[in-house]
Amino acid sequence: AQKITQTQPGMFVQEKEAVTLDCTYDTSDPSYGLFWYKQPSSGEMIFLIYQGSYDQQNATEGRYSLNFQKARKSANLVISASQLGDSAMYFCAMGTGNQFYFGTGTSLTVIP
Amino acid sequence: EAQVTQNPRYLITVTGKKLTVTCSQNMNHEYMSWYRQDPGLGLRQIYYSMNVEVTDKGDVPEGYKVSRKEKRNFPLILESPSPNQTSLYFCASKLAGGVNEQFFGPGTRLTVL
Numbered sequence: 001a002q003k004i005t006q007t008q009p010g011m012f013v014q015e016k017e018a019v020t021l022d023c024t025y026d027t028s029d030p031s032y033g034l035f036w037y038k039q040p041s042s043g044e045m046i047f048l049i050y051q052g053s054y055d056q057q058n059a060t061e062g063r064y065s066l067n068f069q070k071a072r073k074s075a076n077l078v079i080s081a082s083q084l085g086d087s088a089m090y091f092c093a094m095g096t097g098n099q100f101y102f103g104t105g106t107s108l109t110v111i112p
Numbered sequence: 001e002a003q004v005t006q007n008p009r010y011l012i013t014v015t016g017k018k019l020t021v022t023c024s025q026n027m028n029h030e031y032m033s034w035y036r037q038d039p040g041l042g043l044r045q046i047y048y049s050m051n052v053e054v055t056d057k058g059d060v061p062e063g064y065k066v067s068r069k070e071k072r073n074f075p076l077i078l079e080s081p082s083p084n085q086t087s088l089y090f091c092a093s094k095l096a097g098g099v100n101e102q103f104f105g106p107g108t109r110l111t112v113l
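These protein sequence lines map, in sequence, to chains A and B.
Take the first sequence: its position 67, counted from the start at 1, is 67 in the numbering used here, and no numbers get skipped.
Take the second sequence: its position 65, counted from the start at 1, is 65 in the numbering used here, and no numbers get skipped.
Hints in this document: simulated from the structure, not taken from any laboratory.
Just so you know, not all the hints are guaranteed correct.
[Said to hold, decoys possible] Here are the simulated DSSO-like cross-link-like pairs (lysine-lysine), alpha carbons at most 27 Å apart as the crow flies:
{"no.": "1", "chain 1": "A", "residue 1": "K3", "chain 2": "A", "residue 2": "K70"}
{"no.": "2", "chain 1": "B", "residue 1": "K18", "chain 2": "B", "residue 2": "K65"}
{"no.": "3", "chain 1": "B", "residue 1": "K17", "chain 2": "A", "residue 2": "K3"}
{"no.": "4", "chain 1": "A", "residue 1": "K3", "chain 2": "B", "residue 2": "K65"}
{"no.": "5", "chain 1": "B", "residue 1": "K65", "chain 2": "B", "residue 2": "K17"}
{"no.": "6", "chain 1": "B", "residue 1": "K18", "chain 2": "B", "residue 2": "K57"}
[Claimed, not checked] Some chain B residues judged to face chain A by a derived CB distance under 8 Å, without partners named:
{"no.": "7", "residue": "Y10"}
{"no.": "8", "residue": "Q45"}
{"no.": "9", "residue": "N51"}
{"no.": "10", "residue": "V52"}
{"no.": "11", "residue": "F104"}
{"no.": "12", "residue": "G107"}
[What the hints assert, rightly or not] Which stretches of chain A does chain B cover? Using the computed rule of at least three CB atoms under 8 Å from a CB of chain B, they are:
{"no.": "13", "region": "24-35"}
{"no.": "14", "region": "42-56"}
{"no.": "15", "region": "71-81"}
{"no.": "16", "region": "101-110"}
Since this is a predicted model, take the numbers as computed values, not measurements.
Just so it is clear, CB atoms sit at the ideal spot from N, CA and C, and this is done for glycine as well.
Could you put the whole structure together from the sequences, leaning on the hints where they help?
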């Protein structure tokens, strides 16, 4: 079965601090991609970062980095130097074959 | 501007009244997909299409139909909506070939009374 698990329903972080959002996945396919999306209160889905299963290095995009541990089947999102605008829902997703699977999300609140 | 558009953005309807939610993309993407988002469940894939006239079921296809007659359009059809289809619906598209980023539409909030 294909599955994405996000175990943190809600997280708080102080402004300017770093925060890690957890994501584990389960697949038997050797080829897959891992994604993180941000959903602010306005509702749109914003792509943040992508990691391919064959990528040797962890993906980074500005303040976002993906801590990819293949043996542990984890793909945690690290946000450095949190900003108030980072307060949102964050979804981890996995694409494999032609289908995509999303986790249940983590609500992040950045405290001034 | 490259985008995925959905219409309507908000819809309130009654049980059993057929409805269509349209989705259109201007990026010449082969792959298009529909998702529903429910509290505590994240997004779940309803149907996807690899190209014109090629569609397949996702995880939660029951109660929905789709068609792909043109590359840019991928409408979602609810022939007899029920209250358990009240949800936030997203259309998305991407290039075919490999696992790559999907571009999402703004969402359609559907309420079935």
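Tested hints:
Taken as a hint, the A/K3 and A/K70 pair is honoured in the structure, with Cα atoms around 15 Å apart against an allowance of 27 Å. For the suggested pair B/K18 and B/K65, the alpha carbons sit about 11 Å apart, so the restraint of at most 27 Å is met. Among the hinted pairs, B/K17 with A/K3 is inconsistent with the structure: their alpha-carbon atoms are about 34 Å apart, more than 27 Å. For the suggested pair A/K3 and B/K65, the alpha carbons sit about 24 Å apart, so the restraint of at most 27 Å is met.
A hinted pair counts as satisfied when its Cα atoms are at most 27 Å apart, and B/K65 with B/K17 qualifies at roughly 14 Å. For the proposed pair B/K18 and B/K57, the alpha carbon gap of about 20 Å is at most 27 Å, so the pair holds. Against a cut-off of 8 Å between C-beta atoms, the interface hint on B/Y10 is violated, since the closest Cβ of chain A lies about 11 Å away. Among the interface hints, the one on B/Q45 holds; its C-beta lies about 6 Å from the nearest C-beta in chain A, closer than the 8 Å criterion.
Given hint, B/N51 at the interface with chain A, is violated; its Cβ is 11 Å from that chain's nearest Cβ, farther than 8 Å. Hint status for B/V52 relative to chain A: violated, with the closest Cβ pair at about 15 Å, above 8 Å. Interface restraint check: B/F104 against chain A, minimum CB-CB distance 4 Å, threshold 8 Å, status holds. At its closest, the beta carbon of B/G107 sits 5 Å from a beta carbon of chain A; the interface hint therefore holds under the 8 Å criterion.
Proximity of the region 24-35 of chain A to chain B, defined as three or more residues with a beta carbon under 8 Å from a beta carbon of that chain, is established by the 4 residues found. With a cut-off of 8 Å between beta carbons, the region 42-56 of chain A has 6 residues touching chain B; three or more are needed, and the interface restraint holds. Only residues whose C-beta sits within less than 8 Å of a C-beta in chain B count toward coverage, and the region 71-81 of chain A has 0 of them, not enough to reach three; the restraint is violated. With a threshold of 8 Å between beta carbons, the proposed coverage of the region 101-110 of chain A by chain B holds, since 5 of its residues qualify and at least three are required.
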